[in-house]
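Protein chains: 2
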Amino acid sequence: METIVLKFGGTSVGSTDRISAVAKLIQQASKEAFPVVVVSAMAGETNRLIELAESFGSEPNKREFDALISTGEKVSASLVAIALNQLGLKAKSLTAAQIGMKTTAQFSKAKILEMDNEVIFKTIADGYIPVVTGFQGITATGDITTMGRGGSDTTAVAIAASIKSKRCDIYTDVNGIYTTDPRIVPDAKKLDAICIEEMLELSGQGAKVIQIRAVEFANKYKVLVRVLSSFEPGSGTLILQEENGMEDAVIRGIASQTDQTKFTLHGVVDTPGIASGILSPVSDAGIEVDVIVQNVSVSNKTDFTFTVATTDRSEVETVLKEKMHGISYDELIIDEEIGKVSLVGVGMRSHAGIASTAFKALADAGINIQMISTSEIKITIVIAQTQLEKAVIILHKAFNLGG
Amino acid sequence: METIVLKFGGTSVGSTDRISAVAKLIQQASKEAFPVVVVSAMAGETNRLIELAESFGSEPNKREFDALISTGEKVSASLVAIALNQLGLKAKSLTAAQIGMKTTAQFSKAKILEMDNEVIFKTIADGYIPVVTGFQGITATGDITTMGRGGSDTTAVAIAASIKSKRCDIYTDVNGIYTTDPRIVPDAKKLDAICIEEMLELSGQGAKVIQIRAVEFANKYKVLVRVLSSFEPGSGTLILQEENGMEDAVIRGIASQTDQTKFTLHGVVDTPGIASGILSPVSDAGIEVDVIVQNVSVSNKTDFTFTVATTDRSEVETVLKEKMHGISYDELIIDEEIGKVSLVGVGMRSHAGIASTAFKALADAGINIQMISTSEIKITIVIAQTQLEKAVIILHKAFNLGG
Chain H
7 METIVLKFGG
17 TSVGSTDRIS
27 AVAKLIQQAS
37 KEAFPVVVVS
47 AMAGETNRLI
57 ELAESFGSEP
67 NKREFDALIS
77 TGEKVSASLV
87 AIALNQLGLK
97 AKSLTAAQIG
107 MKTTAQFSKA
117 KILEMDNEVI
127 FKTIADGYIP
137 VVTGFQGITA
147 TGDITTMGRG
157 GSDTTAVAIA
167 ASIKSKRCDI
177 YTDVNGIYTT
187 DPRIVPDAKK
197 LDAICIEEML
207 ELSGQGAKVI
217 QIRAVEFANK
227 YKVLVRVLSS
237 FEPGSGTLIL
247 QEENGMEDAV
257 IRGIASQTDQ
267 TKFTLHGVVD
277 TPGIASGILS
287 PVSDAGIEVD
297 VIVQNVSVSN
307 KTDFTFTVAT
317 TDRSEVETVL
327 KEKMHGISYD
337 ELIIDEEIGK
347 VSLVGVGMRS
357 HAGIASTAFK
367 ALADAGINIQ
377 MISTSEIKIT
387 IVIAQTQLEK
397 AVIILHKAFN
407 LGG
Chain C
7 METIVLKFGG
17 TSVGSTDRIS
27 AVAKLIQQAS
37 KEAFPVVVVS
47 AMAGETNRLI
57 ELAESFGSEP
67 NKREFDALIS
77 TGEKVSASLV
87 AIALNQLGLK
97 AKSLTAAQIG
107 MKTTAQFSKA
117 KILEMDNEVI
127 FKTIADGYIP
137 VVTGFQGITA
147 TGDITTMGRG
157 GSDTTAVAIA
167 ASIKSKRCDI
177 YTDVNGIYTT
187 DPRIVPDAKK
197 LDAICIEEML
207 ELSGQGAKVI
217 QIRAVEFANK
227 YKVLVRVLSS
237 FEPGSGTLIL
247 QEENGMEDAV
257 IRGIASQTDQ
267 TKFTLHGVVD
277 TPGIASGILS
287 PVSDAGIEVD
297 VIVQNVSVSN
307 KTDFTFTVAT
317 TDRSEVETVL
327 KEKMHGISYD
337 ELIIDEEIGK
347 VSLVGVGMRS
357 HAGIASTAFK
367 ALADAGINIQ
377 MISTSEIKIT
387 IVIAQTQLEK
397 AVIILHKAFN
407 LGG
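Protein chains in written order, with the working numbering: chain H, 7 to 409; chain C, 7 to 409.
Honestly, the hints are just simulated from the structure, not real lab data. All figures in this text were calculated on a predicted structure; none of them were measured in a lab. Don't take each hint at face value.
Each pair may be met inside one copy or between any two copies, as identical chains are not told apart.
[Claimed, not checked] Heads up, simulated DSS-like pairs for lysine-lysine below, C-alpha to C-alpha not over 25 Å straight-line:
#, residue 1, residue 2
1, Lys366, Lys403
2, Lys30, Lys68
3, Lys96, Lys115
4, Lys327, Lys172
5, Lys115, Lys396
6, Lys128, Lys68
7, Lys30, Lys96
8, Lys68, Lys108
9, Lys117, Lys366
10, Lys226, Lys195
11, Lys30, Lys228
If we strip away everything but chain H, and leave its shape as in the complex, we get:
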């Protein structure tokens, strides 16, 4: 039987009224294929549970913390199943333990290892809509794990991959993916489709409609994902494999981000291995480095610059002071007042002149570029935070992305 996975996030199941609306969406979707539902905790519930846990001290036992916060999805899964039963549809909530969703034993950061399709298939064969708790799994020894914030998206895509669903619909509170943030650019256009590589780049740049790990999963297992709203009707945005033959727009969209801090090591003595000498201790501490730029060496000295999430700032400072051996430099400059704007599009690969068009548009507007980093399908530009919105508006216009 053809199945479709429907995933509902925290705001989509944020109240009993919302859950009733979600039940009707599932009923609607059941006309297309047999629905398999994945739910997040009701909005606010996970935070309530975290507060309870932290009232005993700032570092609650990791196993127990996961066992605790995993109850949020159990509540919403049962409530969605109750609402579906009230509509006359047969439905069963299923926990991670019940479907054998096996993960690694890294509490709060667990990764999916395998799942047992049998329970889901049996539930469907019995005529029941499975309503699965997202965000969680169990270890080989039966301990409950969670997969970090947004993990429900990954659960949904993993199930869709495992049971070979025709599509995975991620219901959220936005009605699709836009060329850029509509709050900054009012005529930003909703995209009917985006290719998965572009989505990965946009998602990584703060366009957080869907969790990045879920997109990677979809990419790996060739799952067709759609992002759409549970609050208003609409067809959302399809996330396609590139080879699905979508039109190659030069630039698909523009992402922007402000919560980053820039570290510049000025006047580093240029010897082989300085990049790893600087960054290895940082990544060993579990800190994710975003943009990295090293300028050409002049007179045997170079400038090395990288950005990290601002929440990691103090940890990076400590690491640089204590763990960075054998690297000498003149000065460390830290700047939190940066903004990052990225142009994303697979068409970029075959079109020359994208970068120069972008740089010229920014220069004409008097915006100074601090860092540039490019990949095959993305150009990232770091500028002063005060100029970020202006830069997004100008670039959106320069590439005719408006609706």
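The hints should help you fit chain C onto chain H, whose structure is shown.
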């Protein structure tokens, strides 16, 4: 290793402050034997979940209802484990699924079939205090069940029986079992020990310190149970097997109850089988009948009287009208304004004159007796509700039960 089961009710874990206090009690108890903890949901949590479920309609799907409300104990078990870890004790929360607490498949009224000691013993062997979710189990097919209100007591006693614990301590918000309700009789005395048969009678009469099913379980499997307070220090009340040689008090205590309704069928034509003709349809409807009295037949007609919980009144009326075939009577009299007072004590068996002492004391106080029912260790008297408190005070005094 010698173990002791400690069970904490909803008010005992009603807040994070209370849970911290509970963790200290567990730490204290660990000096006596290795603790195995069973918890209820935080006070108010189960009602919150029931309200959520019922917001979709008055009869939520039974399987989902149980899956939903079972999350309450999961939250408190994790929080207790977190609090224990913060005290430097190793602890692990364990769900019904994790310990293989198998029950029947009657949702909301499940009965324990068997449990797997292995997980608890393994947890203990690894040096962790098990913190088990009370009130719930799983069916043979892995569905989550609950055992009805107060079921956590039964979970605790069942575990104590299964792992052969030295004792099962039921922590609650009262500091033991009293000769009668201290709110009615200020000099009511706390009992250091009570025998299990007396406890069963008192528990059935509304002295709801511990769930009746748990007491029956303890009786069957010879578990030593103690009832004590988690709010104030004290040794509570031990519930002993009778053969443990406790002093045979004539009367151990006095229970009273008001939420009962009396049905009298006046002028029933007296033929064989009238009792079952009247009561079988009532019990077939799942209604529990409490006191039953049939007067001696005069002139081929008799009066048949029984009491039920007042919440069942309208259902009993329906049953009597529709299902009671072949019984003819003159009049049906229904009285909600009754009170029930019971004298309980195993010593009663070997002492004559208890009943007459009681009846004389009530007569001297001008209290009219409507019904009398006796068993080997209990005398139950039904009177007008307005005179109930007075009757309790008088009987407590008549048998010198005061502290």
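Hint-by-hint comparison with the structure:
1. For the identical chains of this complex, Lys366 and Lys403 are intra-copy neighbours only, at 13 Å inside a copy versus 100 Å across copies, given an alpha-carbon limit of 25 Å.
2. In this homomeric assembly, Lys30 and Lys68 come within 25 Å of each other (Cα to Cα) only across copies, at 21 Å, whereas the closest approach inside a single copy is 37 Å.
3. For a Cα distance limit of 25 Å, the shortest separation of Lys96 from Lys115 across copies, 22 Å, qualifies, whereas the shortest one inside one copy, 33 Å, does not.
4. Taking the shortest alpha-carbon separations for Lys327 and Lys172, neither the intra-copy value of 52 Å nor the inter-copy value of 57 Å comes in at or below 25 Å.
5. For a Cα distance limit of 25 Å, the shortest separation of Lys115 from Lys396 qualifies neither inside one copy, at 37 Å, nor across copies, at 64 Å.
6. When the C-alpha separation of Lys128 and Lys68 is checked against a cutoff of 25 Å, the pair qualifies only between copies, where the shortest distance is 20 Å, while the shortest distance within a copy is 33 Å.
7. Taking identical chains as interchangeable, the C-alpha atoms of Lys30 and Lys96 lie at most 25 Å apart only when both belong to the same chain, with a minimum of 13 Å there against 46 Å between chains.
8. In this assembly of identical chains, Lys68 and Lys108 lie within 25 Å of each other by CA distance solely inside one copy; the values are 18 Å within and 28 Å between copies.
9. In this assembly of identical chains, the alpha carbons of Lys117 and Lys366 never lie at most 25 Å apart, being 44 Å within a copy and 75 Å across copies at closest.
10. Proximity of Lys226 and Lys195 under a CA criterion of 25 Å is satisfied in neither setting, with 28 Å inside one chain copy and 72 Å between copies.
11. Neither within a single protomer nor between protomers do Lys30 and Lys228 lie at most 25 Å apart by alpha-carbon distance, with minima of 28 Å and 53 Å respectively.
When held up to the earlier numbered hints, the structure conflicts with 4, 5, 9, 10 and 11 and fits the remainder.
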